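Protein sequence lines correspond, in order, to chains W and E.
Okay, so the first sequence: first residue is 1 according to my numbering, each after it adds one.
Okay, so the second sequence: first residue is 1001 according to my numbering, each after it adds one.
Source of the hints: derived by calculation from the structure; they are not laboratory data.
Check before you lean on any hint, since a few could be wrong.
Below are the DSS-like pairs computed for lysine-lysine, each with C-alpha atoms no more than 30 Å apart in a straight line [stated by the list, open to error]: (1) K1409(E) with K152(W); (2) K152(W) with K1054(E); (3) K1054(E) with K305(W); (4) K1334(E) with K226(W); (5) K1301(E) with K152(W); (6) K1225(E) with K152(W); (7) K1371(E) with K1193(E); (8) K447(W) with K1225(E); (9) K348(W) with K1054(E); (10) K305(W) with K1193(E); (11) K82(W) with K1225(E); (12) K1272(E) with K82(W).
The model shown is predicted, which means the values in this text are computed figures rather than measured ones.
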Amino acid sequence: MATPVSRAAAAVPDLAPEREVRWPQRTKARLANGLEVILVESHTVAKFHGELFFRSGNAAAADRSVSLAEMTATMVRTGTAKSTSREIEERLRGLGADLSVSAGQDTSAISFAGLSDHAEPLLQLVNELARDASFPLPEFERERRQKLEEVKLERTQPGFLAGERLRRVLFDKHPYALVSPTEEQVAAYNIGQLRTLYRDFYAPENAILLLVGDFDPPTIQSDIEKVFGSWSGKRPVPKESPWPPSPHGRCVYLVHVPGAVQTQILCGCRAITRKHPDWIKLGLTNSLYGGAFNSRLVMNIREDKGYTYSPRSAVNPLRQHGYFSVSAAVRNEVVAASLTEIFYEIDKLRSLPVPESELLDAQNYLTGVFSMGLATQSGLLSQISTLALNELPDDYLETYRQKVRALTADDVLTAARTYFDSANMQIVVVGDRQQIESQAGLFGEVKALDAHGNPVS
Amino acid sequence: MVVAPDSTAPVVTVGVYYKIGFRLEPQGRSGFAHLFEHMMFQGSENAAKMQHIKLVNSSGGVLNGSTMYDVTNYYEAVPSNALERILWLEADRMGALKVDDENLRNQRDVVKEEVRVNVMNQPYGGFPWLDMPPVAFRNWANAHNFYGDFADLDAASLADVQAFFRTYYVPNNAVLLILGDVHPADGFALVEKHFANIPAGAPPKFADPTEPEQIEERRGYVLEKFGTLPAMAIGYVLPPRRTADWCAMALLDQALHGGRAGHIYRELVLEKQLAVEADGGIDDIFGYNGPSQMTTRILHKPEIASDETLAAFDTIIREIQEQGITDSELGQLKVKWRSDYFATLEGGRGGYMPKYGLMHLLACFTLFDGKPQLVNTILDGFLAVGKEQIQHVARTYLTPENRAIVFRKPASATEEAA
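Please model the entire structure based on the sequences and the hints provided.
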């Protein structure tokens, strides 16, 4: 207690020397049937986390229906040749496991986590779901009805309505434009379509199995060979859809929600994939703009002006493309004021180089947060799967920090000018038309729509 | 203070927990504990507004805070070379808060948008966590609006902020935790250096959260402005924490609400197909220190009457009361409980913060029980539960006079009926 140090030590302590960030070794293998396997040890808790990814999702089935891969994924756990839905759920509980099956635009995935001492039986169950799902008709009727209620419900959520509209505006005729089916599309799903999609997509040649956790790699590798070795199936021919032109000029899409007490703003423009050489540059630029708490956007419209609780910008990668977006839920009176600041900060970043100290802070932020993935099994899994799915170079984890540190204020300026396409940003506002239309109209021609996308006059 | 070393990654998580949450905030100042939490980022003796966030982010880390029933926490995860800087920052704001009216106005606006985005402008916003307390409880401490009535938020003054700080944010009402890449001796020395001179305060006096005895089922009704499905939430008051009944209740909760294998989801969604969503349970079982509930949340099909849905729910409860559960089910529940416990320790709430869950448990066991080491033994009590105990708690606690029900009725349906 008698330390002479004064409480009023006004100076911020310096950072101590950095401890080396050492990424764990990845063990890679490919089974004879084409299944790629990546194993990473992490002994933080006596568990393991895994993903069985298929390189096909909703976009690859867009010519059949909307979100069909997702509906298929929902059905996978509802029955197999050997087990009923109830037996599957009870087996999972008895293994202490969590499991979900889902699909996005570019992938379908069985994600799971369980206790290390029950690893093999969990892999057995994952294998069963990937190969022998039986799509029982009563389960399908039930899940389709559930889905119908889900798609109704999401049309009452401002965040969903904004995201859906922006995707449609940015990607137009491309499958990436559609994030969710209509009620009519759900009603028209049929079980034959799902079975066909399952046969096409859920094949070992189309899959990557990733495991991170508390295990001995040679032992688990032999379990994997035993469990998945006799599976067979070809990789489907990937489909490419032509790109519609990017929208030109700012346009405002107002999704009318009568009685809304707040307005969800979402602005965006097309950008790039994770494989693009500018990806890291764009990530740093986004972090400076609105990707971190300490960013310009958050400091401006939250900490200075109090317009909103959770403003953020993001770079959203898809396999074939990507987009930049800015979102904020603001009170109805300050829609125009918020948009003004959103564009002010974009234009400023496009016009003036960032000061060196601010650049350094953002570089420290990105490199520090990147290493946090090391500390948990799920964090590590998420980083490893990003690399695998995007076919990024093996040394990506080891070299990322250097690459971020090497960037200059000039790189940021160039990235902002190239990818924060201020003049052609599309603006979505979700709120009560009477309260916000005149404000929104200051930023471009307003197209007013209802929650279902029909024009309102 | 508590140190939990682990050198897997060069990352350290720091948390400061104060033993005050929204349950015991001052009457007439609903929402104040949460508004105050925002003020703790607005400036302290030597770190002005913006500095707190900037210092953490620019050291390569992330930060946040949260207000719960009985505790409020502030936490950072940073590369381990920033440990001293983070401790300095936490010590600085434990020492003295330096905020002005402008900061208060700003954060009051931010909090109102938080309430709008999470509650007022969302379908089923605040359901049931804000809807249930006024129906279930009679003591203001347990029953008020924790996010705050806007009139109360508007009435909050800078004097309230400083008084709250002086009363509850004293070192003798807090625990500091360091987890991850640190040697315990180094951690203790740094804490000594930065915190030792912060004077202790008078031990805070806490209002009594005890509830008067409940003698009949309680019901309440709330209008749903956006959603189209009728909803209901059923809450049962829990046995006192760290008793044998409490452990049995936790496994009963797992039997009822454990995902798609749980009795409630299985019966209401998969088998009888009355409901679209059916979930819930005991929220944050280790993190409260006063009356709390196990709550089931159900959204059901519009063509099914609420009475019919509730009757189906009651059938599930009655079945467990009459027949209990099987040995094989109990075995499954325990494996799942152990697995979930490990998952909590590693990640848990706020999964982007390594070891958030371990931090939370260590903090709550320290503040409520004075025994952080409970984290190593608490699991034993749950794994020792027998199936007759599960039937016993089902009969004792899942009774009408121990429950409250909130019905959330869609405005659209009301209009059509009118």
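How the hints compare with the structure:
1. K1409(E) with K152(W): 16 Å, holds
2. K152(W) with K1054(E): Given that 30 Å is the threshold and the Cα spacing comes to 41 Å, the pair is violated.
3. K1054(E) with K305(W): Holds, at about 18 Å.
4. K1334(E) with K226(W): Given pair K1334(E), K226(W) holds - Cα atoms ~29 Å apart, limit 30 Å.
5. K1301(E) with K152(W): Between K1301(E) and K152(W) the Cα gap is close to 12 Å, so the pair holds against 30 Å.
6. K1225(E) with K152(W): 14 Å, holds
7. K1371(E) with K1193(E): Satisfied, since the Cα-Cα distance of roughly 25 Å is no more than 30 Å.
8. K447(W) with K1225(E): Holds, because 25 Å separates the two Cα atoms, which is no more than 30 Å.
9. K348(W) with K1054(E): Roughly 20 Å between the alpha carbons, so the hint for K348(W) and K1054(E) holds.
10. K305(W) with K1193(E): With a Cα-Cα distance of about 37 Å, the restraint between K305(W) and K1193(E) is violated, given a limit of 30 Å.
11. K82(W) with K1225(E): 45 Å, violated
12. K1272(E) with K82(W): 23 Å, holds
In summary, the numbered hints that this structure violates are 2, 10 and 11.
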